Amino acid sequence: MELNKELNKTTTDSKGNVVTKIRENNKPAFWFLMPSLLILTLFTFYPMIMTIYNSFFATNIRGESAKFVGLNNYFDIFKDPLFLKSLAGTLVYVVLFALVTIVLGVVLARLATMKLRRIGWFQTAFAGTMGTSAAAASILWLFLFNPSVGIVSFALKAMGVSKTNLLVDPTGAMIVIVLASVWMALGFAFLILLSAFQSVPPEYYEVADIAGWSQFKQTLKITVPMISPTLFFLFVVEIIDGFKMFAQIDLITGGGPNNATNFLAYKIYQDAFVFHNFGTASAESIVLTVIIALATWIQFHFTERKVYYA
Amino acid sequence: MSIRLANISKAFGNTKVLSNISVEIEPGEFFVMVGPSGSGKSTLLRMIAGLASVTEGRIYFNERDVTDLPSKDRKLAMVFQNYALLPFMNVAQNVRFGLENQDLSDDEKTERVEWALNLVHMADLSDRKPKELSGGQQQRVSLARALATKAPVVLMDEPLSNLDAQLRTEMREEIARLHREIGMTLIYVTHDQVEAMTMGDRILVLNDEKIQQLGTPLDLYNHPANEFVAKFIGSPEMNLLPITVNDEGDRFSIGDAFWTDNAFVLPFDLPAGSYHLGIRPEKLVPVSIANPDTITAKVKSLQQLGNDTLIFCDYDGQSLVSRVPEQFTVAVGAELNLLLPASADEWHLFNVDDGEQIVAAPEEGAATYGA
Numbered sequence: 001m002e003l004n005k006e007l008n009k010t011t012t013d014s015k016g017n018v019v020t021k022i023r024e025n026n027k028p029a030f031w032f033l034m035p036s037l038l039i040l041t042l043f044t045f046y047p048m049i050m051t052i053y054n055s056f057f058a059t060n061i062r063g064e065s066a067k068f069v070g071l072n073n074y075f076d077i078f079k080d081p082l083f084l085k086s087l088a089g090t091l092v093y094v095v096l097f098a099l100v101t102i103v104l105g106v107v108l109a110r111l112a113t114m115k116l117r118r119i120g121w122f123q124t125a126f127a128g129t130m131g132t133s134a135a136a137a138s139i140l141w142l143f144l145f146n147p148s149v150g151i152v153s154f155a156l157k158a159m160g161v162s163k164t165n166l167l168v169d170p171t172g173a174m175i176v177i178v179l180a181s182v183w184m185a186l187g188f189a190f191l192i193l194l195s196a197f198q199s200v201p202p203e204y205y206e207v208a209d210i211a212g213w214s215q216f217k218q219t220l221k222i223t224v225p226m227i228s229p230t231l232f233f234l235f236v237v238e239i240i241d242g243f244k245m246f247a248q249i250d251l252i253t254g255g256g257p258n259n260a261t262n263f264l265a266y267k268i269y270q271d272a273f274v275f276h277n278f279g280t281a282s283a284e285s286i287v288l289t290v291i292i293a294l295a296t297w298i299q300f301h302f303t304e305r306k307v308y309y310a
Numbered sequence: 001m002s003i004r005l006a007n008i009s010k011a012f013g014n015t016k017v018l019s020n021i022s023v024e025i026e027p028g029e030f031f032v033m034v035g036p037s038g039s040g041k042s043t044l045l046r047m048i049a050g051l052a053s054v055t056e057g058r059i060y061f062n063e064r065d066v067t068d069l070p071s072k073d074r075k076l077a078m079v080f081q082n083y084a085l086l087p088f089m090n091v092a093q094n095v096r097f098g099l100e101n102q103d104l105s106d107d108e109k110t111e112r113v114e115w116a117l118n119l120v121h122m123a124d125l126s127d128r129k130p131k132e133l134s135g136g137q138q139q140r141v142s143l144a145r146a147l148a149t150k151a152p153v154v155l156m157d158e159p160l161s162n163l164d165a166q167l168r169t170e171m172r173e174e175i176a177r178l179h180r181e182i183g184m185t186l187i188y189v190t191h192d193q194v195e196a197m198t199m200g201d202r203i204l205v206l207n208d209e210k211i212q213q214l215g216t217p218l219d220l221y222n223h224p225a226n227e228f229v230a231k232f233i234g235s236p237e238m239n240l241l242p243i244t245v246n247d248e249g250d251r252f253s254i255g256d257a258f259w260t261d262n263a264f265v266l267p268f269d270l271p272a273g274s275y276h277l278g279i280r281p282e283k284l285v286p287v288s289i290a291n292p293d294t295i296t297a298k299v300k301s302l303q304q305l306g307n308d309t310l311i312f313c314d315y316d317g318q319s320l321v322s323r324v325p326e327q328f329t330v331a332v333g334a335e336l337n338l339l340l341p342a343s344a345d346e347w348h349l350f351n352v353d354d355g356e357q358i359v360a361a362p363e364e365g366a367a368t369y370g371a
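Top line first, the protein sequences correspond to chains A and B. Taking full-length UniProt numbering, I'd label the letters of the first sequence as residues 1 to 310. Taking full-length UniProt numbering, I'd label the letters of the second sequence as residues 1 to 371.
Since the hints were made in silico from the structure, they are not lab data. Since the model is a prediction, treat every value here as computed from it, not as a measurement. Possibly wrong hints are sitting among the right ones.
What the hints assert, rightly or not - Label-pair restraints from in silico Cβ distances:
#, chain 1, residue 1, chain 2, residue 2, range
1, A, I298, B, N62, 56 to 64 Å
2, B, K131, A, A29, 33 to 41 Å
3, B, D201, A, F302, 21 to 29 Å
To be verified - The following residues of chain B were derived to be distant from chain A, with all beta-carbon distances above 10 Å:
#, residue
4, S126
5, L241
6, A290
7, S301
Even glycine gets a Cβ: it sits at the ideal position worked out from N, Cα and C.
Could you build the full structure based on these sequences and the hints that come with them?
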């Protein structure tokens, strides 16, 4: 009994000591965190809180909250057919964009790991889109699909297709936006995947070579499982990126035709800075944030179990 | 299956790794290729496996030219240093992985997997993932994967190098047993001369692009063809001393010149000139009383191995090591009389210029090949 008391006292004492030690040790840590805390507060936390605040208000033309409306902004946007259309279009776009980017990224990375001639040149070219600004890339794609001077229009005409201006067709515009976005995201996806591919020990492929596995089967049964953490990471990143996509729409389609490419990020921008409905735009922003968070949670919850970590 | 390498050369760009290698490997032989790192032994194995291209020369399996055949058509299996077990598959799946493309029914494949896992005593752990196994167990699985294919040729690339010393001894025995039981042609690459000596039917010593010597373990130990093999095989290394023989060819001095007052009697006649004399550490025996056949060296350090004692000495700037098969004590810094071997069998003579063996006394049945 006596011994127990003694023991407890010693444990409590040492716990107290540890806590004090941690506090002392953390003092410099605070100063190291200071710069990023300041910047984050100013440009992320403050706008975030203001957005949540504004989403409960009707705002005037200068963006100042004028009247508390409770959840009415939220009710309104879900009654707005344009928002629902935008939401549906965004979801289609995001899924297409993420899937095509990752599949193409895997194909390119697999090609780049093969011992082919001039592969270094291709590796640079594949990763090259990383260094291209969204604006420049959008203009490039706009020209490609230009009905009078675009090379795609020429090609379609040469193939006998009558509808050569894809940008005036809702499906066509979606395709162009997906292609342009994939093209821009591919560099990053390729680089990340390439490094993942190169980290797979070559012996695995040699064992498979000796056993007589085809290249395709090797990719599917060895590479994909080995790089599944990277695939998962890319999938999350690309989905988030897809939801946030803005520049391509602004420069290529302007949300058209008939709002077919008026995706959420662009609609928020328009509602806020073109139509000056800051309350509505804030509510839409919150909805977008919740959707992204939800999508990420779903992926972590359901996909991550299938991922193998070394 | 017999394997014949005919004038094999390999270059990576402008760097030559192997030149003009010709070897015949008998069916069912345990053939060891040994050499220091960078000697091209792994490259040679990978060429046999079809994983590396052949720059020049041909490879024959059972006298059939397989030089341009892909790996999968060569009917072989390979075991790698890092085991190459897929981490997301369990033990049984990993073994089955090597069988996937063989023309077998599902039941036959399952049977083969069980058979192979039983052979390596891993059947109990067949649903474990590789990371739940020790290094030795992982290598057993990797062996099972190779054996399950029933390939007539099994190649092993330093399979024991990632294991600790105790496991290595155990696995050496295990691989030798599997080879005895199954009788496949086994080509085994290692940089460890102990592995080579204890396991191989024949050993191929590679260095400097070339075959240094090919022979049975005892051949290599007793009659090294050159200084490289002499130093590479055996631990601790063979002692090498420069000696000079007098004009009469009956006496010699240690060093670059002959000194009458510091000369020893030759155990056999030699033409006058300079040689390198090789003496195995166990043939350089310490004796208590100096006589005309002893040299007096200074003890630098001592290693007690329990069964053996290694005595490292200095003789006139020359490092010498003597191995005594008992627990031997001598003070560091003390003078020690070492008896030079009197029997021609215990003498290894090498050419000063190229390090090639000199057949000193053929009438005593020493070496029959070499320079």
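message = Under the constraints set out in the numbered hints, which ones does this structure not fulfil?
response = Violated hint: only 3; rest satisfied.
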